[in-house]
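Participant: Given next are the chains, with one letter for each unit.
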Amino acid sequence: QQPVQSPQAVILREGEDAVINCSSSKALYSVHWYRQKHGEAPVFLMILLKGGEQKGHDKISASFNEKKQQSSLYLTASQLSYSGTYFCGTEFMTGANNLFFGTGTRLTVIP
Amino acid sequence: KAGVTQTPRYLIKTRGQQVTLSCSPISGHRSVSWYQQTPGQGLQFLFEYFSETQRNKGNFPGRFSGRQFSNSRSEMNVSTLELGDSALYLCASREGFNSPLHFGNGTRLTVT
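If you read the sequences in order, they're chains A and B. Taken in order, the first sequence gives residues 9 to 119; the numbers are from the working numbering. Taken in order, the second sequence gives residues 11 to 122; the numbers are from the working numbering.
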């Protein structure tokens, strides 16, 4: 039930773009994205719901492909503050009130 | 509003002992979830409580248990500790389905 994230790690220079993918073998109802900085708690970025539109927040946006049960997180013109580990969390069609998280993608932005 | 509060922040226990972790959710949030975080494994779901009832449970042995009180505060208990239980335990609360999880800073448990 755990979604699969790729890549596991990525290193960017400031200003470069990145895409993080999240896929599930089960039908999804929603996908959450969180970012965790070292030594801190995960922080919510956005939720994408089945049938919903692509979400965006500043230069971070995400999409949800219901047919493929996949979501992608897009980081454009990356900043040093984007560094951290990104997790996707998935909720399934059964409506279970729990999120299953992927193993995370470690993103490092360097000057 | 105050955020999710977890106590204690750090714990060191020896194998075979038991431990209780505490979590106070954001005021008004009735759903509380617990996760175990270890390097390379990401966030593993332990269980979720809502209005004092366990609604969901992850794939963990029965040594891991929890409960929720009428004020939505939650506790997690691990009995007969093993070295592999060393991890960061995160608690998160939410308003309901389709709403974000708000995480506490976690309790780092070390089993020696």
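Warning: the hint list may mix true and false statements.
To be verified - Distance ranges between label pairs, derived from CB positions:
1. B:Ser61 - A:Ala35: 26 to 34 Å
2. B:Glu62 - A:Ile19: 26 to 34 Å
3. B:Thr90 - A:Ile19: 25 to 33 Å
4. A:Lys45 - B:Ser89: 46 to 54 Å
5. A:Asp66 - B:Thr90: 40 to 48 Å
6. B:Thr63 - A:Pro119: 46 to 54 Å
7. A:Pro119 - B:Arg65: 16 to 24 Å
8. B:Glu62 - A:Arg21: 45 to 53 Å
9. A:Gly23 - B:Ser89: 48 to 56 Å
As the list claims (entries may be wrong) - Chain A stretches covered by chain B per the calculated footprint, using a threshold of three residues with CB under 8 Å from any CB of chain B:
10. 45–57
11. 106–119
Read the hints as simulated data drawn from the structure, not as lab findings. Since the model is a prediction, treat every value here as computed from it, not as a measurement. No residue lacks a Cβ here, since even glycine has one placed at the ideal position from N, Cα and C.
Participant: The structure should be examined with respect to each hint, and the outcome stated for every one.
Facilitator: Here is what the structure says about each hint:
Separated by about 27 Å at the C-beta atoms, serine 61 of chain B and alanine 35 of chain A satisfy the suggested range of 26 to 34 Å. Distance hint check for glutamate 62 of chain B and isoleucine 19 of chain A: the Cβ-Cβ separation is about 46 Å, which falls outside the suggested range of 26 to 34 Å. Between threonine 90 of chain B and isoleucine 19 of chain A, the C-beta spacing of about 42 Å breaks the proposed range 25 to 33 Å. Evaluation of the 46 to 54 Å hint for lysine 45 of chain A and serine 89 of chain B yields a failure: the beta carbon distance comes to about 33 Å.
A hinted range of 40 to 48 Å holds for the C-beta pair aspartate 66 of chain A and threonine 90 of chain B, which are about 47 Å apart. For threonine 63 of chain B and proline 119 of chain A, the hinted distance range of 46 to 54 Å is satisfied, since their beta carbons lie about 50 Å from each other. A hinted range of 16 to 24 Å for the beta carbons of proline 119 of chain A and arginine 65 of chain B is inconsistent with their spacing of about 46 Å. Taking the beta carbon of each, glutamate 62 of chain B and arginine 21 of chain A are about 50 Å apart, inside 45 to 53 Å as hinted.
In this structure, glycine 23 of chain A and serine 89 of chain B meet the distance hint of 48 to 56 Å, their C-beta atoms being roughly 51 Å apart. Coverage of the segment 45–57 of chain A by chain B holds. Counting CB-CB distances below 8 Å, 7 residues qualify, and the rule asks for three or more. Remark: the segment 106–119 of chain A is confirmed as covered by chain B, as 7 of its residues place a Cβ nearer than 8 Å to a Cβ of that chain, reaching the required three.
Of the numbered hints listed earlier, those contradicted by the structure are 2, 3, 4 and 7.
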